[in-house]
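A.B. asks: Chains as they are written, first to last, in my numbering: chain A, 1 to 360; chain B, 361 to 635; chain C, 636 to 990.
Don't read these hints as lab results, they were simulated from the structure.
In silico lysine to aspartate or glutamate, EDC-like type, Cα no more than 16 angstroms apart, as pairs:
1) 932(C) x 278(A)
2) 156(A) x 945(C)
3) 156(A) x 213(A)
4) 149(A) x 163(A)
5) 932(C) x 258(A)
6) 156(A) x 941(C)
7) 149(A) x 131(A)
For reference, the chains in residue letters:
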Amino acid sequence: MAAAAPATSTGPATASTPLLEIFGLTVGYGWEGRPMSTVVRGVDLSVGAGEVVGIAGESGCGKTTLALAATGLLDPPGQVLSGSVRFCGRDLLALSQRELRTVHLSEISMVFQASMNVLNPVMRIRDQFLDAMKAHGVEDRDGAVARAKEMFDLVKVPRRFFEAFPHQLSGGMRQRTVIALALVLRPQLLVLDEPTTALDVVVQRSILEMLDELRNELGFGVVFITHDLSLLVEIADRITIMYAGLAVEQAPARQLYEGPRHPYSQALMRAFPPLGGERRRLEGIAGQPPDLRQLPPGCSFQPRCPRAIAGTCEVVAPPLVRFEAEHWAVCHLYDRVDDHPNVTDQGLGEDHGEKGATVG
Amino acid sequence: MRAFFSNRLAMAGLAILVFFGLVALLAPVIAPYSPTDINFTPFLPISSQHWLGTTSQGNDVFSQLVYGARASLMVGLATAAIISVVQLAMGIFSGYVGGWVDNVLNTITNIFLVVPALVLLIILAAYLPGKGLGVIIAILAATGWAWGARVLRAQAISLRDRPFVEAARMAGESRWRIVLVHIVPNMFGVLVANFFGAALYAVLAEAGLEFLGLGNINDVTWGVMLYWGENTNAMLLGQWLFLLLPGLCILLLGTAFGLLNFAVDQVANPRLRRN
Amino acid sequence: MSLTRAWGRTTGKRGPLLVSTLGAPGAPRQAAEEPLAVLEVHGLTKTYTVGRVGHQRTVQAMTSVDLTLAPGRVLGLVGESGSGKTTFVRTVAYLERPAAGEIRVLGRALPRHPSQRRLREHRAQVQMIFQDPYTSLDPLHTVRYSVARPLRSFDVVPRRALAGAVDDLLEQVGLVPPAEFLRRYPYQLSGGQRQRVGIARALAAQPALLLADEPTSMLDVSIRLSIMNLLLDLQRSRSLSMVFVTHDLAGASYMSDTIAIMYAGHLVEMGPASEVMGSPRHPYTQLLREAAPDPDKHFGASRRFDARGDPPDLTNLPSGCPFAPRCPHVRPECRAELPQWRAVSPSQKVRCALY
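Bound-form chain A, shown alone (with noise of 0.2 angstroms):
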């Protein structure tokens, strides 16, 4: 690319420099004479060259604003309150508009939630590849038309959609377009916001198929944010779990499935009917997700939970409690380091924006 990047550029992520680092990330949004509402409280999360990091929760929870936080994709009203975020060891919020402008695409792609409908209506589908890359420097033409063609390839889309407008394409294609499209400058980090929520059960899994097979080619790492945690399951190597702008659990994909402490992914866990085996009846989650300026103190799933200890969940912030190596949810449950055998050991609550946390 001939725009230079920030000449503090430490390159691609090593074995040992995680691709994504985000400490302790706090987002608001602020709107004039309304207080602060905090949608994203002290979030940690790191992501590593070609891992797939899934963030797992519902609607409100912050996983989206995260992503855009992370991104430097945040708009007003919305602001970074705390935290920092290191891309490749580069602090990314401390980027101008314009350096951020050079990462995007090039370093780091974004794919929204029907994003088929970001493609310009006008223009063709050629022309957008061709704006996308001379905009970071790519000049050779003919080049950029056959790295264009090549992604497309990739993505499975026949050639003969190249030359066309976006109406012309069914919702599934134009959605593998958009993926080529972030990924036509072979970015280091793709982040994907509920992708294939829009689409029917088919085209998602031969788009999560195709997203694999890139993956393993190209080498990017993946941040995939879905309320399907059941997809999540089959498809990531990490999961994280957010509830009301918290991270409250986080562990390797399959020993989240086998052995989920938060209550609260418990209860996401069998939230899903299995496709197969005995039919039996399952529970919801009774209640609402809290209103986030107005949120309970303590735990902020405690009028939820159906594991909550009287007098303390309600009162005092939950702390971080480590199992297994990568595995650690904030919860009451397992204050006593001894009757939790997998217990390792136990963090202060503080990292996670609550004040007055305890060790058990």
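Chain A is already provided as a structure; the job is to place chains B and C on it using the hints.
C.D. replies: Then chains B and C, alone, in the frame of chain A:
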């Protein structure tokens, strides 16, 4: 409703409208003389007897202005009312009923849209027997309904297919009930905005027609004042006051309707609000 | 009535399960003493025309669907977009007029051009729950209005009993205390609460048949189960028949006694939920099953998945089986003509040449 009253545009527009409304209502009380009284010397300057001077015909400018408010308000509101009723009827029948009725009505609307309103207005005003405010209201309504009718038709069509309207059908509600209770109320924002838009159009168009001499030149209206001013070369004689003032009033009243139009739009469509 | 009462089912045996046997050669006829089907549909077809004059095409939204639903049973209608599942329920609700075919509710056929009165009688028996809770309630009317209206329209209770009946319905859908919800407007309710109002409204008419058009697909995951359980409880306690439309195979499996799969406007497989899920016969059903998230089966291991082509173009359906262009087991006879229904078990049938 609350959003409306806290909207600055709405308040400004409403204030002006109320002001003129009061002036119109209290005209006999406020005006020192009868507006048709031509016993005064023409072209008198501002004085304690004639607060704004006299016209070229010898009328008291201030009195004429005050009574003129009645005419403008009446024309504005009456025309808007007629137009709104016609638009609503057209929109509902065309949009909701659909089918061949829609085709016919839509064609009629399109015809009226295509004919240049200004030309039609002038021709009608010039050739229709009888002059005066009634005729003006009639021809303004006849030329001004088409555009809003199209908008309302589009709204009706979009509402017709909304799930809650289908749900109303499933709940056994009759067609008429659905129109009255579900469709029209949900079109209210556009309806009211259109009303004020039509009023704006009416006030300005009326002034235009009268200025051209196509109204009844013996009526007391701001437009006719402009006519007399122009015809008696008030400008050249340095008597700009009684050209300026009616124009200003027309402008203000028109602005009031315009502001209310914007405000209702903003309130009805939250996305237009600027925070 | 406790909504959390434990409630288990084993697979299979639940009393007579009526499956339409029309057109299947050699199948036993309906026994005379079996209960009257709540819904019987024969050859139901729906088409649309799209495009401007001169460039018009016909969309075959639904082709010749035959279906029977017994009282107190839940039928899960599964398919992707364009499968015709929504068209089916909208046509049965008579929000759309069928191009061909017959609809019978409780034995009474609906005439080609029903009068307003006949339509109202139909709606007293067949009610619908809409997919989008954010647009299926009039934003200008209170909860009370929305629920009371059908009670009035269908004369379910006398005037003075109206308030009590509304309260009762709100309680039954879990909006308690009713007084708190009566005067609320939709914008003051969450998605799940709005959907409950929609359910209350549908129940108000005291229908025999509920058509649920993807009632949970626009709700948050944690709310979906409570709504599904609510529907099941209500269906059970009132012995309602229900058609549960969904694109989610797992959801259909949870809710339904019988599952019917639709593709390109055609019904392609039908049978008891456990059988269709346990041993899907039609290649399309198998494709759906493969595509659906299933951590139990597919953990970690990358799987080869081949969608084999694009979703069908409803304006240009091939002759013969609509799935033929994508079918891994396609044979010449598949393209020649639409396969007949074949029974692969006493209760499961497939429209496929393979059997």
